[in-house]
Amino acid sequence: MTAEQIIFLIVGAATLLSALLVVTVRDLVHAALWLVAALFGVAILYTLLNAGFLAVVQVVVYIGAIAILFIFAVMLTRRQAADTGAALNKNWWAGALMAVLTFAGLAFLLQGWSGFSKTASAIPSGFDAIEQLGGALTSPVGYVLPFEVASVLLLAALVGAVYLAFNKK
Amino acid sequence: MIPLSWYLILAAGLFSIGLFGVLARRNAVAILLGVELMLNAVNINLVAFWRYGDVSLMAGQVFTIIVFAVAAAEVAVGLALVISVYRRRNTVVAEELDLLKW
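So the sequence lines, in the order shown, correspond to chains A and B. In terms of the numbering used here, the first sequence is residues 529 to 697. In terms of the numbering used here, the second sequence is residues 10 to 111.
Hint data in this document are derived by calculation from the structure and do not stem from the laboratory. Cβ atoms here follow ideal geometry from the backbone N, Cα and C, with glycine treated the same way. Do not take every clue at face value.
These stretches of chain B come out as covered by chain A in the derived footprint (C-beta under 8 Å, 3 or more residues) [claimed, not checked]: (1) 32-43; (2) 48-56; (3) 63-71; (4) 74-88.
Chain B with its partners taken away, still in its complex shape (with noise of 0.2 Å):
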């Protein structure tokens, strides 16, 4: 059998590249992709708590799909934003879009 331990170092592993790609990417779209990494790094961890822990009781499961839910919404407001900015300013890199900075 595989030990807890194996999972949770994996998502911990997943978790530290999603956050690596939204501080390091230029893009805003890779930044969203990174976004999506850590999001599956968090649902590793929630089935695999329900896995280990009771089965019986589904919180885990229910969670990972309401983060489903909450990753579609982000998804689409997020890339939503992105086009309308492209629209706009004719760029998605992040550094370059500094209108409220002084």
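One chain only, chain A, in its complex shape (with noise of 0.2 Å):
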């Protein structure tokens, strides 16, 4: 076992469980800091697979701001301080059991694909992702196109929410 797949294995478990916790905890306060130490999971293994420009969005969107507005949600939609009832609806075993089934499933599939225990190829020297990744996004031949819908998604999103959330009274 090499170094990386120690940490892979740390921060591997630490996900899952975080996220385990995300979906079982009653209280959606705790739920949703269990999802931000789920998503800072995310960020490392995103730095483990050498993308470092994405573990910092991650920390930056996904934490910051994502996560914080979840947080608000919750306050702002409780009657009371203290949350009652039951976390999981009567049904939560059909629900169980439709995960597992899609756990199964996936990893039946990619079992026996003849790329699955592939390993990574060294990073050629001199290669920058984040420049890679700022030409693809901006150039006519790469993904500028998707780029600028994605700005206009986030544009009518804005205004949805805005609309959606204003007190008329």
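Quick one: dock chain against chain with the hints and give me the complex.
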């Protein structure tokens, strides 16, 4: 076992544990904080995959904006300070069965694929992933159109969210 | 080196946990938390395929950025809907929102 593999196993186990707590903990503020832990684990996985820029974006956008938005929404939608009632609905066992079947199906499909246990080739020297990513996002032969469509989508979401949450009274 | 299979199995596990959250939680905000977990599982797959394929093809990372933008839009609209529903019905429990059920 190399150091990289040990780091992966620790981070992966912590991520899955945090994710399990996100979907089972009754207090929603705690669930949102466990989501922050899971998202942080995913950011570490991006660093292990040599995608440093995405790790930073994960921390800034996901943890800094989305998770905080969740905590605000939890605070705005509580009748009383303490959570009451069950966290899971009465059909939770069917949901658990579906989740296990999905995992089994994905694992079965993946282990039959020839590239499953492939290892990564070394990054060529002088290769700058951030420069390549910036070039790809702004070049007309690259992904400038999806990039612009994403900005239009964000604008539409901004207008829609303000319209929906606006108190007309 | 870490084989690709480890990342794929981890992502499959994270996706399944998110799916369980979406199907089993009662609170609408908690359902959205499950959706976030599923989106993150997809992102791990995209970045892993970028790293283990040809690194000079940036499609995997670009797609991850697009998923970030879509996740931000989804959360903003989803939580606005939850807050709007809470104002009108005074509840965010998904099974109590049964106006369209006969």
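Hint check results:
1. Counting residues of the stretch 32-43 of chain B whose CB lies closer than 8 Å to any CB of chain A gives 10, so the stated coverage by that chain holds, three being the minimum.
2. Given as covered by chain A, the stretch 48-56 of chain B passes the check, having 4 residues with a CB less than 8 Å from a CB of that chain where 3 are the minimum.
3. Counting residues of the stretch 63-71 of chain B whose C-beta lies closer than 8 Å to any C-beta of chain A gives 6; at least three are required, and the coverage claim holds.
4. Beta-carbon proximity to chain A at under 8 Å applies to 13 residues in the stretch 74-88 of chain B; the threshold of 3 is reached and the given coverage holds.
The structure meets every hint from the earlier list without exception.
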